[in-house]
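Here the protein sequences line up with chains U and X, keeping their order.
Here the first sequence is numbered in the numbering used here, starting from 1 and rising by one per residue.
Here the second sequence is numbered in the numbering used here, starting from 1 and rising by one per residue.
There could be a bad hint or two in this list.
For lysine to any residue, the following SDA-like pairs were computed, each having C-alpha atoms within a straight-line distance of at most 25 Å [claimed, not checked]:
1. X:K213 with U:P158
2. X:K127 with U:E35
3. X:K87 with X:P33
4. X:K197 with U:Y192
5. X:K87 with X:K344
6. X:K167 with X:T156
7. X:K197 with U:P158
Derived coverage of chain X by chain U (criterion: at least 3 residues anywhere in the stretch with Cβ under 8 Å from a Cβ of chain U; other residues may be distant) [said to hold, decoys possible]:
8. 140-147
9. 245-252
10. 336-347
11. 408-421
Since the hints were made in silico from the structure, they are not lab data.
Just so it is clear, CB atoms sit at the ideal spot from N, CA and C, and this is done for glycine as well.
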Amino acid sequence: MPTLFGVTLIIFFMVRVLPGDPARVLAGLEADQTEVDRIRVQLGLDKPVPVQYALFVANAVRGNLGRSAVTQAPVVSEIAGRLGPTTLLAATATVLAGTLGIASGILVSTRQYTATDYAVTVLALAGVSIPVYWLGLMLMLVFAVALHLLPAGGDTSPQSLILPSITLAAFSLAIIERMTRSSMLESMRQDYVRTARAKGLADPIVVYRHALRNALIPVVTVLGLQFGALIGGAILTETTFAWPGIGRLLVDAIARRDYPIIQGVVLLFAVTFVLVNLIVDLLYGYIDPRIRFG
Amino acid sequence: MMRTGFCRTAALVVACAVALTLGIPNGGRAAAPASLHVAIGIDADSLDPEGQTTTTVANMVDYMFDSLLWPNDERSGVKPGEPQYTKLVPQLATSWMVSRDGLTYTFKLRQGVKFQDGTDFNAEAVKFNVLRWLDTSVRNPNRYYFTDIDTSRIDTPDPYTVALHLKQPSPTLLGRIASGVGEILSPAAVRKIGNDKIPLGPLSAGTGPYMFKEWVHGDHITLVRNPNYWGRKPYFDEVVFRVVPNAGTRETMLRAGDVQMAFEPPAPDVPALRRDASLRVVEGPSDRDVFIGLNNQFGPLKDARVRQALNYAINKQAIIHSVLFGLATVLESPTTPFLFGYTKVQSGGWPFNPVKAKAMLAEAGFPSGFSINFRTPTGRYIQDYQFAQAVAAQLANVGVKAQIQTTDWPSYVSWLVTPLERTPMQIFVLGWATQYLDADGELYGQFYSGQAPPKGLAPTFYKDAKVDELLLAGQTTSDPKKREAIYKEAQQLIWNDAPWIFLWSQNFYMVTSSHLDGVTTTPNEKWAAIYATWK
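Given these sequences and hints, build the entire structure.
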C-alpha cells in the first residue's frame, strides 16, 4: 500500500513537471486561445496541483481513475479494453520464455562445452542483443511478406499472437536460459548430486528432482524480475506489431500528455509488479520447503 | 533417457508451432474485395466532426457525414488526376445565396435525405447543428470558425431553407462550413447518444456514404456502407482503418497483404515503393507550408538583409531531392496554390546563391557569420530532423553556425507558445496548413502580429503594420476581387521581408495495392478513397 501511494504521488507530479500543455496538444496548433483555456478548465488543470492530486486520490480509492483527456472515455474502460491483449501477449511470452528457457538451460547444462552448448550460447547472446523492433520487423519480413504464413501486425486472429510473443519472449528466454545453465552447473557439482548418483539413481531423477529443484530458486527470481522487462518490451513490441495493448496506450498517452491515462497505467503496472513479486516469494516456499514465512 | 525426453518435448513444441503456422488460410495474400483495410498512423481522438484537430481522423469522419457544401472532389465525381478543390459544390445544400452586405447566408437544402438513424434531414436539423457548433459544452477546438454567426437569429422559413445572419461579414464562412468541422449530425442521434459519447461512436448519426460500426481503441475503426445513402454508393461494403503507429510496419503489412492501403510509409522507402509494380504510391502536393521560422525580434534576425541572406543560403531543391525523396514542392509564395488568394511571388522560390548570402551578411555587419540555436521536432513533418541537419550544413557554408536541438511534440509546442521575453526560439522548423482553403487560414495565424505567443502561435514575432492591416481587411472584405488584391499585396510584402526561410509545401502520400483503383490525395492532406474500386 505505501508503495502504491508513493507511486501515485511520484507519477502525478512527474507528468505535470514534463513540459507540454495537454490542452494545447489536444486542441491543435490552429485552435485559438479561448478554446484552449476552455479545454484546460474542462480537464480540471486550472486547479492547483495539490488540489488536483487530492481529487485524484479521493476518486481513485473509489475505483474512479477519471476520464481520458483525449477520448473523454473513463480511464478504467480505456485500460480494460487494452488489458486482454497485453495479458495474452505477456502470458504467452512468459510461458514461452520460461519453458523454453529452462528446458534449453537444462539441455546445455548436461552437455557443457559441446557444439549444442555453443550453438545455444550464440542464440542466447543474439536474443539478449537484438533490439525488439528489429527482430520484430525481420520476423515480419520472413513470415508475413516472404512466406505469407502469418499476419504482419494487428490483433485479428489467433495467429496474430505468434510473431509478437516470440519477439517479446526472445530477451527473457535468453536470460532465463543463461541463468538456468549456470545455476544447474552449480548444483550439479554439489555433494548431494554426487551422493544421489552414488546411490544409483537414474539420471533424469538426479537432474530433475535433485539438481533442478535447487537450481530453480535463482531462476524463479529472475523470471519475476523479467516481468518488469516484459512490460518494457511490451511497449516496443506492441508498437512494432500494432498490438492494441497497454504499452501502446501508455506511449500514446505520454505523446499526447493524457495525464489521467498515464496515471492509471502506471498505477496498474505498479500493482501488477507488486503482485508478481508476491507470487514469486510464495513460489520460493513451494520450491524450497526450507524457506518458510513467519 | 533424459535426452529423448527433452527431444520429445522439443519436437512437440516445434510441431505445434508448425501446425499453428500452416493452419492459417494464407491470410496475407488473398484480396478481400468486400472490405478495404487501410493502415493509418494514429488512433482517433474523437469521432465527433466538431472535435477534429488532425486530418487523418477528420478523413475517417468524412466517410460518415456530409456538410452543407464541400470542395469538389471524388464525392462530386471528380476523377483522380482531374483538378479538385477548385470550388465549393453542393452537398446537403443544393444552392446558397450570400446577401450583398455579406451578412446573410441563405441555404436551400437537399430534400428527401435521411440520416442513418432514419430521421429526416431538414432545416431544423441544420439549425440544431449550428447551435451545437457554438455550444461551449461540446469540445470544438475550431469554434472560432463560426463565432461570427448570430445564434439568436437562425431563420428556418420553410423545412428546406435556412438563413444564417452574421454579426460581421465573414468571407471565409463558406469555406469553414465546408472544412469538415461543419458536418451535419442527426439531432435525434445526438440526443440519444449524448454529446459526451458522440466522440466515442457516432452511431447512425450522419448522412454520409458509410456508417459507424465499431471502434476498438488502439486497434481499428470499422465503417460499413450506408445502404440508404442519397448519393453515389461506394464499392466496398466495409472499410476498416487499422491503427499501426510504426511506419515500417504499415509498409510491411501492405506488402504482406494485410492491408490494401497504407498511410505514409517511411520516406526513404518511397523510391523503392515507386518502382514496385505490385504497389502504387499515391501522392500529391498539399497546402502544408514547411519552413524555418526566424525569430524576427532576435539579435541579427531583426535585420531583413540577414533574413534574406538565409533564404539565399539554402538549396531547397537539392534537399527535397536528396533528403525528402521528392516528397515536396518548393514554395513560391507564403501560401500554396490551392488557396483562394494565392499569388506566385517568385518562380522557383528564393534562388540558391551562397555567394550573395555571404555578401549580404557582410553588408549587415556579420562578415564572419554568427551562432544561433536551431530547434526542430522529430517525426512531425516529412524527414524534419533529417532536413534540419541539411539546412544547418548549408547555413554553416555561409558562416551561420546553427546548433540543432530536438524534443518530443508536446514539449516542442510548449516552446512554440512561449512569449517573446522567455522564448527559447531563434530559428525553428514548423509546418502550417489550413482546413478551409483560403489564404486567410494560412497567413493570419502566422503573420498577423496579434497572433504572437502567448495569444496565438506565430513564434516568429513578425510585426509589420501594413501586413497587419491587409490581413485584417481580408477577413472582413466581401468582394472576392478586392480580397484577391489584398492577399496579393500581403504575400509580396511578407515574401520580401523574409520572416521565414521559405522551404516547401510537403506532399501527402499513401501507398496502395496496385489492384486498388481510384485513390487520390487532396490538397488538405486527406486521401480520397471512398469511391475506390478493386480490379
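Here is how each hint holds up against the structure:
Taking the CA atoms of K213 of chain X and P158 of chain U, the gap is about 22 Å. The hint holds against a cut of 25 Å. Under the criterion of a C-alpha separation no larger than 25 Å, the hint pairing K127 of chain X with E35 of chain U is consistent with the structure, at around 22 Å. Of the supplied pair hints, the one linking K87 of chain X and P33 of chain X is violated, its CA atoms being roughly 33 Å apart against a limit of 25 Å. Restraint check for K197 of chain X and Y192 of chain U: the C-alpha separation of about 67 Å exceeds 25 Å, so the hint is violated.
Of the supplied pair hints, the one linking K87 of chain X and K344 of chain X holds, its CA atoms being roughly 19 Å apart against a limit of 25 Å. This hinted pair checks out: K167 of chain X and T156 of chain X have alpha carbons roughly 18 Å apart, not beyond 25 Å. With a C-alpha separation of about 31 Å, the suggested pairing of K197 of chain X with P158 of chain U is violated against the 25 Å cut-off. Counting residues of the stretch 140-147 of chain X whose CB lies closer than 8 Å to any CB of chain U gives 5, which reaches the minimum of 3, so the coverage claim holds.
For the stretch 245-252 of chain X, the assignment as covered by chain U holds, since 5 residues bring a beta-carbon within under 8 Å of that chain's beta-carbons and 3 suffice. Proximity of the stretch 336-347 of chain X to chain U, defined as three or more residues with a beta carbon under 8 Å from a beta carbon of that chain, is not established by the 0 residues found. Remark: the stretch 408-421 of chain X is confirmed as covered by chain U, as 9 of its residues place a Cβ nearer than 8 Å to a Cβ of that chain, reaching the required three.
In the structure shown, a violation is registered for the earlier hints numbered 3, 4, 7 and 10, in ascending order.
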